[in-house]
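Top to bottom, those sequences are chains A and B.
Following our numbering, the numbering of the first sequence begins with 252 at its first residue and continues without gaps.
Following our numbering, the numbering of the second sequence begins with 7 at its first residue and continues without gaps.
The hints are simulated quantities; they were obtained by calculation from the structure and are not laboratory data.
Don't take each hint at face value.
[As the list claims (entries may be wrong)] Taking lysine to aspartate or glutamate pairs in the DMTMM-like style, the calculated list, with each CA pair at most 25 Å apart, reads:
no., chain 1, residue 1, chain 2, residue 2
1, A, Lys302, A, Glu459
2, A, Lys378, B, Glu84
3, B, Lys322, A, Glu459
4, A, Lys396, A, Glu348
5, A, Lys350, B, Glu119
6, A, Lys378, B, Asp23
7, A, Lys378, B, Glu119
8, B, Lys237, B, Asp80
9, A, Lys378, A, Glu301
10, B, Lys238, B, Glu226
11, B, Lys37, B, Asp23
12, A, Lys303, B, Glu215
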Amino acid sequence: MESAAIIDPPMITPVSSPQQQVASGSEPTAAAPERPPAFEVERLSIFYGEKKAIENVTLTIPSKMITAIIGPSGCGKSTLLRSLNRMHELVPQTRIEGKVVFAGEDIYAPHIDPVVVRRRIGMVFQKSNPFPTMSIAENVLVGLKLNGVRDRAFLRERLEQSLRMAALWDEVKNDLHKPGISLSGGQQQRLCIARAIAVEPEVLLMDEPASALDPIATAKIEELIHELSSNYTVVIVTHNMQQAGRCSDYTAFLYLGRLIEFAATTKIFTNPSERQTEDYITGRFG
Amino acid sequence: MPIAVAPERPAVRSTIDRMAPPSGLGDKVFKWFTLAMALAVVALVFLVGWQLARGSSLAIHRFGFHFLATSTWDPVAEQFGALPFIYGTAVSSLIALIIAVPLSIATAVYLTELAPLWIRQPIVSLIEMLAAIPSVILGLWGIFVMIPWLRDHPFPFLKKIFGWTPFFSGPIYGVSMLAGGIIIAVMILPIITSVSREILRSVPNLQREAAYALGATRWEVTRIAVLSYAKKGLFGAVILGLGRALGETMAVTMVIGNTPQIRASLFAPGYTLASVIANEFTEATTDVYLQALFEIGLVLFGITILANLLAQLLLKTMGSTIKSGAVQ
């Protein structure tokens, strides 16, 4: 697509452009640097059986911003993302060392229930996965209903709100009772985003959310991610560097399970500190 | 555009020239062979039905609809009514399903969703072993172990608690409709469990993850992502079990009591369609007796096919009715 994006990622709106935040720091609308970070990952190592997937990663993910995790296949970027809401634990025989501090608490502390963690940290997956037996409305509201919300007026309001935020409302408002899987691929993915934000999580984790979509649907998702970042902390894994350049504020580059570099996206794409980062983003390997 | 051919080296044959032309023979043989096999299966079903109908034509003529609607089974007087057997087959199969379906599906859910990995394969092997036990051995076990135990412990207990209903009243003999149902349940457990397990295993992990990511507990994940996704397949597994239950013969014959009667009490002995054929075929000395047994076979055949058709109809309607939106 646009090769220029590698050099100079065009931001969709200039408000949250990282140059400004880094440079001026105290723009009233931009995320203030003194806001507590969303995640503090401290010396995190993750093992699948004997295999080390993540090695000694330390990074601070800022809140109400978009952080992209990039790197070649198998570098552990999905594992790192999933460790942020303990989804990687669904794979048997995982082991973890280090800490992930979220809202002042280590989410791996013994007294923490992963169910509670996941209620506060939502997730969108590579392939859209609406529940096939549920209608569009039921798909959006399933999280609220699981958490015991019964107030019909509130549900109705959240339904519209979530679908509007996911930029899907106008397309489905007359078909809310139709099955979620009757939608197109891109619409299904936006439905999944609506489902994730309906429970108002504090963070949205996205695992290559547009990799199965065509360019038009991808553009819609990217625009959506950008809009979501005014309310949510978004962490997105992508194998598409243009995408990372286009829609993230910060970028982490992961290679062989280790964090090579983490910086403002513009810095990573224009003036990376590490040789490996430069080689990767210029396409010399990976 | 004319295709350019290198003129300077005409002797060299390209790879494509060395290849044999595609042979259509394999495809033809393949197509006709599989078609013939598929037709043979269909033909077999019709042949069985036709043979049964032919074998019972005399009885059908003589008794007509009364055969299905009367309860007297008296070979000496040549009075034949199949109703007690139809009732026995239906009730014993129903009891079997009521017992086996929750057990099997719960086992399958445990094996796919909850059990630690090391324990899964041993349990699966044991369940498969249960399926390998010959029917007659289960029947022997039923007579010498299950029935005395049922008679002394669970039956009196059931009678004490539910004795006020017609289903658990009357004298306890041991051999009974309930015992028949229980032995069928044991026999259909393995098939329902292993089919259900395969169905649950085929639920994409992405579905489970979707639910987990919303902060669902294990039970909630199983309910909203696994069971609802798999419900059609699970229904199919149950129907497979029902098919087995309807036709189950040997073990049931050994424990059900073989008395052609219709009693509300499940403690009373009963009789099934399959059992009466197995028991009385050697004694069927008169033509009409033999024909009546053939007609019993025809009825069983019909019931099994009907159950399957009904199940498929149900599956179709299940597919097309998705509950309307929650807030509509």
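Keeping to a limit of 25 Å between CA atoms, is the pair of lysine 302(A) and glutamate 459(A) held or broken? holds (23 Å)
Sort out whether glutamate 348(A) lies within 25 Å of lysine 396(A), counting only the CA atoms. Violated, at roughly 34 Å.
Holds or violated: are the alpha carbons of lysine 378(A) and glutamate 301(A) at most 25 Å from each other? violated (28 Å)
With a cut-off of 25 Å on the C-alpha distance, tell me whether lysine 237(B) and aspartate 80(B) pass. violated (45 Å)
Hey, lysine 303(A) versus glutamate 215(B), does the alpha-carbon distance stay inside 25 Å? holds (22 Å)
Below or equal to 25 Å on CA atoms is what counts here, so check lysine 350(A) against glutamate 119(B). violated (28 Å)
CA of lysine 378(A) to CA of glutamate 84(B), is that 25 Å or under? Given that 25 Å is the threshold and the Cα spacing comes to 68 Å, the pair is violated.
Under the criterion that the straight-line Cα-Cα distance not exceed 25 Å, is the pair lysine 378(A), aspartate 23(B) satisfied? violated (45 Å)
Hey, lysine 378(A) versus glutamate 119(B), does the alpha-carbon distance stay inside 25 Å? holds (22 Å)
CA of lysine 238(B) to CA of glutamate 226(B), is that 25 Å or under? Holds, because 19 Å separates the two Cα atoms, which is no more than 25 Å.
Hint check: lysine 37(B) vs aspartate 23(B), CA-CA at most 25 Å. Holds or violated? Not satisfied, since the Cα-Cα distance of roughly 28 Å exceeds 25 Å.
Agreement of lysine 322(B) and glutamate 459(A) with the hint, judged by alpha carbon distance not exceeding 25 Å: violated (36 Å)
Violation of the numbered hints given earlier is confined to hints 2, 3, 4, 5, 6, 8, 9, 11; the remaining hints are satisfied by the structure.
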